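Colleague: Sequence:
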Amino acid sequence: MKKLFTLFVFAFFSVLSFSQTKSPSEFLGYELGEQFTYHHRVVDYFSHIAEENPEKIKLIEYGRTYENRPLLYAIITSEDNLKNIEKIKTRNIERVNTGSTSANNSDPAIVWLSYNVHGNEANSTEASMKTAYKLVTGGPESTELLDNTVVIIDPCLNPDGRDRYVHWYKQVANNKPDVDPIGREHHEPWPGGRQNHYLFDLNRDWAWVTQIESKQRLKVYNEWMPQIHVDFHEQSHTSPYYFAPAAEPFHELISDWQREFQIQIGKNNATSFDEKGWLYFTKERFDLLYPSYGDTYPMFSGSIGMTYEQAGHSFAGLGIKLPGGDTLTLKDRLEHHFTSGISTIRTAAENRQDLLNNFSEYFNSSRKNPGKYRSFVISKDNNPKKVEDMLKILDAHNIIYGKAGINKSFKGYDYSTINEQTIEVNEDDIVVPVDQPKSVLTRVLLEPKTKLADSITYDITSWSLFHAYGLQASAVTSSISIKNEKLNDESQLLPDENAYSYAIPFQGLRSHRFLAQCLTQNIKVHLATEPFSTNENKFKRGTLIITGSLNRSTVVDFYNKLMDITKETDVDIYSISSGFASSGPDFGSASYRLIEKPEIALLSGKDTSPLSFGENWYYFEQLVSYQPHVVRPNYFDEDYMNEVNTIILPHGRYSGISEEKIKKLEDWVRSGGKLILIGGSIDKLNPEKTELALEKTNSGKKEEENTETYNYKTRVRSYGRSERNALKNYTAGAILDYSLDDTHPLAFGLGSSYRGLKTNNNTYKLLKNGWNVGYLENNSVVDGFVGVNLKQDLEGSLGFATKNLGEGKVIYLIDNPLLRCFWYEGLILYGNAVFY
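Numbering (mature numbering (1 follows the signal peptide of the UniProt record, and there is no 0)), first residue to last: -19 to -1, 1 to 817.
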């Protein structure tokens, strides 16, 4: 009787404890799917289930967004696993570092579920709450899952973008959802909620870690290194559900095991969807090549990385009528993501041992099979500040590097000449060995050539960081042991307070940040347009000169302000004792041009690409700390143009810009303004109607248009090959080699050539009257896919240029140099356009 009473009391308190954990609907006050939930309420709910179930769930805030919203993840597992979570975590990193299988027998597999990286794909976060609740309170099935897995849930990777969408939707939605696609609740206004605060696509930022959300997330991701990572998305409302296996092209370094296990997960997901009669597809559209996605980055870090795509997106709202007559609801959408998430966890639990064994073997095998090149070498002759900036990316990924410590010749590939040749390695060169835990990721980010199994791909097809940073580097076929010592241990003496002038040689992006801060403090700065020497040092074009006599009387506490800026921007600065140069022009020469402080109007709004506008905005606020005026789309209708001397038109479509506005813009340039045109903003201009325009090449002409004789064979086309045939005039993104006029300020700091990304098929003729600073000659493709017709059009086409118009000038940047703000050489080109 006493035993029976004890069991009754235990059961009573178990039920009481269970009842204290509220479901999402009970906690929020509405059924999931009836509303979109604000981020702070999502945080509240996860805090609630963590407080009620401390034995199963631990909630960790790992950072904050630009708008100060919390970023968090929940660790959900069994009570025993949670008690030993630090040991489990440590043993997992041991697998990564050593490839050891000794700790595999009893540990759970780690499954990481990432929701809502695109803010307006908003069902994902709703699904995360249901998934967490199910795992914590789901009874025997959930207990078995949690015994065998540690589930990490990040409910919202992009809170700023998601709340932007949710706020808008709640403001415009009807009490009863309007399911007709014509309703305004299905038409999100510019800029949309997809991107983060600075309008960056966070699902393109895993490898480049430019954004604060990515930096903070990557730090904790690399502390855990999960066996499975799922990135939850949404796509067109008319598309069935997508889950792995992915489409070709797969990057060649994705292992056979990773391919096979994707198929296994896909089959198990299919079983769950088949039971409910839901439509889905696999092996199409979403490839695994570009390394900065939420599926590929985990893949190159040993995980099974996958994208899951639900129909809906921002267009679907709470409900939308489909072409077949059915209605897709938010409840449907979150149920699909919930089902695929639980199915994936179940697959991991059932295959725990296999996952852990193959995860360990992945790191063991990648070190034993390093490929053709076993070491990447960064020459000591590079600008040290540019090298420092690139190494920060390697640091973010825990990629190991060090000094070469030897002087020796090796066989290898030279990134400057794009050839296999003998490589002379110096003891002070920096070596990135392939034999290291992050072996695969190292190869992917630094590889000379990207191997394409299929030219139909979702994103850019080449990205080597050595080209992105314009570095002299090589890949050698031998292993080079590295020396663990400080790379930069030289400290510079403070310059003389009473110096005649100060010289700041070009030091990459830091030079522009330094200049921006000086101009903000009203410090007068000159630009050296010719090389010169003093008795102590030689200086190249692009060196900044600050003359003491021009600033001491006008800038309060001039020297200390200059030193503060120097320290904050981390640039080297040199004292110059005399205005007499030992070679080159003296300091009173016109070769030293006073830099005018730019007063900038940056156009925003529906004519501009949100991504391109965001890249410009981010560049000014975060990279150089300089304040532009962000202006509205109707800016050209107002009288503010004369208050600025620089106008920037980001990439966009510009369907709303009239001939009258273009004429007004041209008149403004003629009166002394600087106009910077990026990408699509050039395409809108007609050379027959404005001198702002460029002349296009004969891009896209078909063979039959260039012949006089009719030939029926040229008009016979295969419908099934239409997508592939279109690739002849296409590139998703490839690295091209631009010839430079390195005497022009637009090219300062870039050397004699510029390796840049070509991401569209627009080609323009060189200017007849102007400065063609960057242009393409024959055989310009360094790496990546470019269609055969486009290759022909690229020869002799323009990359970037400037021309004078009246008292002002126009700067043309054919391809967006700020793309995702990871192409460092592009940042330099853009800074030159803005400040010089």
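Derived by calculation from the structure, the hints in this document are not laboratory data.
Quick caveat: nothing in here was measured; it's all calculated off a predicted structure.
We put the beta carbon where it would ideally sit given N, CA and C, even for glycine.
Some hints here could point you the wrong way.
What the hints assert, rightly or not - The list that follows gives simulated cross-link-like pairs (lysine to aspartate or glutamate, DMTMM-like), each with its CA atoms no further than 20 Å apart:
(1) K772 to E672
(2) K68 to D159
(3) K464 to E405
(4) K749 to E776
(5) K784 to D618
(6) K70 to D88
(7) K389 to E401
(8) K302 to D313
(9) K389 to D376
(10) K670 to D648
(11) K464 to D409
(12) K302 to E125
(13) K432 to D723
(14) K392 to E408
(15) K39 to D61
(16) K349 to E233
(17) K302 to E316
(18) K521 to E316
(19) K645 to E672
(20) K115 to E36
(21) K157 to D307
(22) K39 to E125
(23) K115 to E48
(24) K644 to E624
(25) K302 to D159
(26) K384 to E408
What the hints assert, rightly or not - Pairwise CB distance ranges (calculated):
(27) E265 to E67: 40 to 48 Å
(28) E369 to E233: 54 to 62 Å
(29) K432 to D376: 49 to 57 Å
(30) D128 to E32: 21 to 29 Å
(31) E32 to K373: 32 to 40 Å
(32) G732 to S87: 51 to 59 Å
(33) A251 to D551: 47 to 55 Å
(34) D335 to N388: 30 to 38 Å
(35) K200 to S459: 31 to 39 Å
(36) S459 to S346: 18 to 26 Å
(37) M544 to E641: 44 to 52 Å
(38) K196 to E265: 30 to 38 Å
(39) K432 to G732: 22 to 30 Å
(40) K200 to D409: 28 to 36 Å
Colleague: For the pair we were handed, K772 and E672, check the Cα-Cα distance against 20 Å.
Modeller: violated (28 Å)
Colleague: Confirm or reject the claim that M544 and E641 have a C-beta distance inside 44 to 52 Å.
Modeller: This hint holds: roughly 50 Å between Cβ atoms.
Colleague: Given the hinted pair K349 and E233, is their Cα-Cα distance within 20 Å?
Modeller: holds (16 Å)
Colleague: With a cut-off of 20 Å on the C-alpha distance, tell me whether K389 and D376 pass.
Modeller: Judged against 20 Å, a Cα distance of about 27 Å means the pair is violated.
Colleague: Check whether the Cα positions of K302 and D159 lie no farther apart than 20 Å.
Modeller: Roughly 9 Å between the alpha carbons, so the hint for K302 and D159 holds.
Colleague: For a C-alpha distance cap of 20 Å, please report whether K39 and E125 respect it.
Modeller: Given that 20 Å is the threshold and the Cα spacing comes to 19 Å, the pair holds.
Colleague: Within 30 to 38 Å: is that where the Cβ-Cβ distance between D335 and N388 falls?
Modeller: Violated - the Cβ-Cβ distance for D335 and N388, about 47 Å, lies outside 30 to 38 Å.
Colleague: Would you say the C-beta atoms of K432 and G732 sit inside 22 to 30 Å of each other?
Modeller: Holds - the Cβ-Cβ distance for K432 and G732, about 28 Å, lies within 22 to 30 Å.
Colleague: Is it true that E32 and K373 lie within 32 to 40 Å of each other by Cβ?
Modeller: Because 38 Å falls inside the window, the suggested range holds.
Colleague: Is K115 close enough to E48, meaning Cα to Cα at most 20 Å?
Modeller: Cα-Cα ~31 Å, so violated.
Colleague: Within 20 Å, alpha carbon to alpha carbon, are K670 and D648?
Modeller: Satisfied, since the Cα-Cα distance of roughly 13 Å is no more than 20 Å.
Colleague: Cβ-Cβ distance between S459 and S346: within 18 to 26 Å?
Modeller: The hinted range 18 to 26 Å holds for S459 and S346, with Cβ atoms some 20 Å apart.
Violated hints, in rising order: 1, 2, 5, 9, 12, 13, 18, 23, 28, 29 and 34; the structure is consistent with all others.
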